[in-house]
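Model the placement of chain C on the given structure of chain F, informed by the hints.
Protein chains in written order, with my numbering: chain F, 143 to 360; chain C, 5 to 394.
Hints listed in this document are in silico derivations from the structure and should not be mistaken for laboratory results. All residues carry an ideal CB built from backbone N, CA and C; glycine is no exception. Do not take every clue at face value.
Claimed, not checked - Covered stretches of chain C, going by a simulated chain F footprint (3 or more residues, C-beta under 8 Å): (1) 135-147; (2) 183-189; (3) 198-205; (4) 376-390.
What the hints assert, rightly or not - DSSO-like, lysine-lysine: derived pairs with alpha carbons at most 30 Å apart: (5) LYS323(C) <-> LYS203(F); (6) LYS207(C) <-> LYS162(C); (7) LYS46(C) <-> LYS203(F).
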Amino acid sequence: MNGTDAAGILEEISGAISNLEGIDQIKKLVERALKQKHSVTEIIEGGLKHGLDEVGARYEKGEYFLSELLYAGEIMTSLFDVLRPHMKQNVTGQMGTILLGTVRGDMHNIGKNIFGMIAQFSGFKIHDLGVDVDPKRFVDEARRTGADIVGMSTLLTSTLPEVKVVLDGLREAGIRDKVKIIIGGNAVTKQFGEEVGVDAAALDAVEGVEICKRWIAR
Amino acid sequence: MTPRERMKAVLNFRKPDVLPWLESMYEETVLTWFRQGFPPDKVIVIEWEVGRGGTNLYNWPAVKGFDAYTYFGCQSFYGSVVPVDIGPLPRFKLKVLEEDDRYVTIRTETGAIAKRIKGEERTWYSMPMFTEFPVKDQRSWEEYKKRLNPRDPRRYPKDWSKDDYISAFENYQRGVTMMRFNGFYGFGAELMGIAPFNIMLYKDPELIHDMADYWEYYITETLRDAVDTLKDRIDMVFWWEDMAEKHGPLMSPKLFRQYCLPHYRNLTGFLRKNKIDRIMVDSDGNINPMLDLFVESGITGLWPLEVNCNMNAVEIKKKYGDKFFLIGNLDKRELAKGGEAMRREVDSKVPVLKEMGGYVPGADHLVPVEFSLERFREYTDYIKSLLPYE
Chain F
143 MNGTDAAGIL
153 EEISGAISNL
163 EGIDQIKKLV
173 ERALKQKHSV
183 TEIIEGGLKH
193 GLDEVGARYE
203 KGEYFLSELL
213 YAGEIMTSLF
223 DVLRPHMKQN
233 VTGQMGTILL
243 GTVRGDMHNI
253 GKNIFGMIAQ
263 FSGFKIHDLG
273 VDVDPKRFVD
283 EARRTGADIV
293 GMSTLLTSTL
303 PEVKVVLDGL
313 REAGIRDKVK
323 IIIGGNAVTK
333 QFGEEVGVDA
343 AALDAVEGVE
353 ICKRWIAR
Chain C
5 MTPRERMKAV
15 LNFRKPDVLP
25 WLESMYEETV
35 LTWFRQGFPP
45 DKVIVIEWEV
55 GRGGTNLYNW
65 PAVKGFDAYT
75 YFGCQSFYGS
85 VVPVDIGPLP
95 RFKLKVLEED
105 DRYVTIRTET
115 GAIAKRIKGE
125 ERTWYSMPMF
135 TEFPVKDQRS
145 WEEYKKRLNP
155 RDPRRYPKDW
165 SKDDYISAFE
175 NYQRGVTMMR
185 FNGFYGFGAE
195 LMGIAPFNIM
205 LYKDPELIHD
215 MADYWEYYIT
225 ETLRDAVDTL
235 KDRIDMVFWW
245 EDMAEKHGPL
255 MSPKLFRQYC
265 LPHYRNLTGF
275 LRKNKIDRIM
285 VDSDGNINPM
295 LDLFVESGIT
305 GLWPLEVNCN
315 MNAVEIKKKY
325 GDKFFLIGNL
335 DKRELAKGGE
345 AMRREVDSKV
355 PVLKEMGGYV
365 PGADHLVPVE
375 FSLERFREYT
385 DYIKSLLPYE
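Chain C on its own, in the form it takes in the complex:
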């Protein structure tokens, strides 16, 4: 089986020949590994392209990034993604507003103002402190909406030739093909800030309903062409929410039912009509109180299932069976310790979940910088030994 076939088998509760393994890595982690002896020639991605400027019409090697996933033999979420731009158009102009020895404050392309520690501003590991958000009330939301026009021709690539994309999505075999977008909590929290958005759920219900109504329309219409074209060549939907903290959901289940559930059902219904039914919510934190609502919403998969936040894939499997496929849930803190701690964590989950089915092992969130290269190699060797079925 190809990596994609393995992944599709597990997402659909069928048995592959070898269990796929999926990780997501902070770029900062990979950069740290370079300092720890990661061989650049094995992971740097170079593409030959026509040289720019002057009369350089010959091909020239250009560094495009690095691919640590292939090197280790795991899959990622970033292989083949539907190339639709759901961001604000036009983008806000990225601008440095203030800078000193320690910090740089920027206006982001989504219109927020973010203060970052200098030297880490190009990575996401150390999150910035957002000091201002573009949507504050009905008036600023109306203004922002103008940038969320689903008919904007810039949303699709210039070379959006359907046959070529169909063929690319059919032929891709290195992992799952995906479509990504922000969910109804995530987009609101991103545009207003977590605290203001949560407060507005109580203070201005009309605004929140209007935002959620529009977001459903916007996402559906923006993606309609891609969904109509690619249909079930899209193996999985990556529905970003980040709607929970360690204690539980940020938005209460009661408010979720009120503000989000109808839109979830409409959107998952639209996808399902087009034969796309592997729909995974990405949310950190403790989402246990949301799981019944997710079933009702048409959500069929979960990642990353953070152990530190009381998420337990074995317990979820026992309770929900094949209602969810599960990815992650290996405690990154234990994995990073290496040795017995790492093996104990892997052994406590992978063999039993492998037999239960519908589970793809991986760390319970992005691989953190304190996970050393040496220990990640040790983890790689160990987990790979457990993946084949007899």
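Next up, chain F with everything else stripped away, as it sits in the complex:
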């Protein structure tokens, strides 16, 4: 196979994902790429990630919305199911590890889950602690997993102070400087992020993942 053909099928996969075509149709493209002897890594890097990046870019531009992000996540999950039997090793997690959770007192999980899904498909290993996470657990798990990034979500204004409690806990444990901290959720603003002393406050899941990617790339 020549380079043009190789690029062709991967571009086709990428384009089909970014245009949100039918899942079965995109699965067939991935199966074709496998038959053409593309490695799983090539397909993920050259097809899936490009497609997802484009979905994220369109979301940031206001062309796509949550419905499109969620459907893109559904596509990616289905494609990973196709690829998994062909994986010699786990190809996710190479970007680094993100410890993720919704702060104590808050049971919202949609934004956190979308962030986790995009981050995972972008190559991060995700340790999702769920919702209503005790501050001590954030600290203990950050130490245990050796996470590169701690992500906290809070939708409620009443639970914003929990972010500071976790930060204080990380400081007391002596690991604040070893991790980057990112926060997100409806109640979060850039101003709050600066005031409380996190490394970044993301206004949406796509922006959050882009920030994490930049941190790891440095």
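Just chain C, lined up with the frame of chain F:
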């Protein structure tokens, strides 16, 4: 003018003598205020009713709730509402499925399974985590539909005597009279969950079309008697959607046009034929990308216009003029800070919007628990000083 006359004037872009002010409060906020010195005897609503049980035929005082709105002098959405039950009938049996020291998991009356933090399960401020929803596919939707029968006699009160209700709706003067229902995005997301519903918009268009078709039929037929009876004695429609997040709509405008717009137009057309044309969408989040579509849909009002989500009532007024009446848009976070921050926020919106017309001031969503009683009083005093017209 009465509070209702003031509100009707503003909703119809006429000038009242005093601008009405509307708030919506979490019950948890009011309960918090009690701990901060809110006088119970001034806000607890007591009704005298025949004692139950035994031979107590005499009247007995029963606590029915609390009315903080009258105490502060603001209006609410909850005064006089068309008493039609649009929920599933029969209701699912409310049941505790699991319980430990921290959480309780329940099956709700709408058929979802929700996990709540204990101690907060009776309030909505800390939303539960929904772990299961009653509608997952065509089969479960067909099952659920059986509970959405518009002809079920339990939908209307037993005392639905039209003359009495007409008279009640005519005479009510403490605020607007209202009719409430769930919209075409809101009902779907409520029955399937936000993420599954959004995914199904792509994965199973036939199911979504079927749900939207049925919902239009169901809402129209369920409310038909009330609408025919009360007509424009209903001042405002409260159309619940909650269809956006901070970044923008949950459902893209393209999908809205495909799935919702025709039904919006049919339903607003039905209401308009009955002289009901003050139709307000309740949606949190950034709905800016939806506004042109709302105009096309026959929607004429918006609440709460969350500042944190980039909603700006002054900008909307400049762009859309009298196509929308607007309620809210005062940044609750700034109001809750009190002092200069609160005054700056109020001053930046209320005087200019008061002159532009068609605007009712209020916080940009329900008054949160961290808004202290002392600061709410300070805000009350300040905003009330700005309401009268010269």
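Hint check results:
Residues of the segment 135-147 of chain C lying with their CB closer than 8 Å to a CB of chain F number 0, which falls below the three-residue condition for coverage. Residues of the segment 183-189 of chain C lying with their CB closer than 8 Å to a CB of chain F number 0, which falls below the three-residue condition for coverage. By the rule of at least three residues with a Cβ nearer than 8 Å to a Cβ of chain F, the coverage given for the segment 198-205 of chain C holds, with 5 such residues. With 0 residues having a Cβ less than 8 Å from any Cβ of chain F, the segment 376-390 of chain C misses the three-residue criterion, and the hint is violated.
This hinted pair checks out: LYS323(C) and LYS203(F) have alpha carbons roughly 21 Å apart, not beyond 30 Å. For the suggested pair LYS207(C) and LYS162(C), the alpha carbons sit about 43 Å apart, so the restraint of at most 30 Å is broken. This hinted pair does not check out: LYS46(C) and LYS203(F) have alpha carbons roughly 51 Å apart, beyond 30 Å.
Hint compliance for this structure: hints 1, 2, 4, 6, 7 are not met, and every other hint is.
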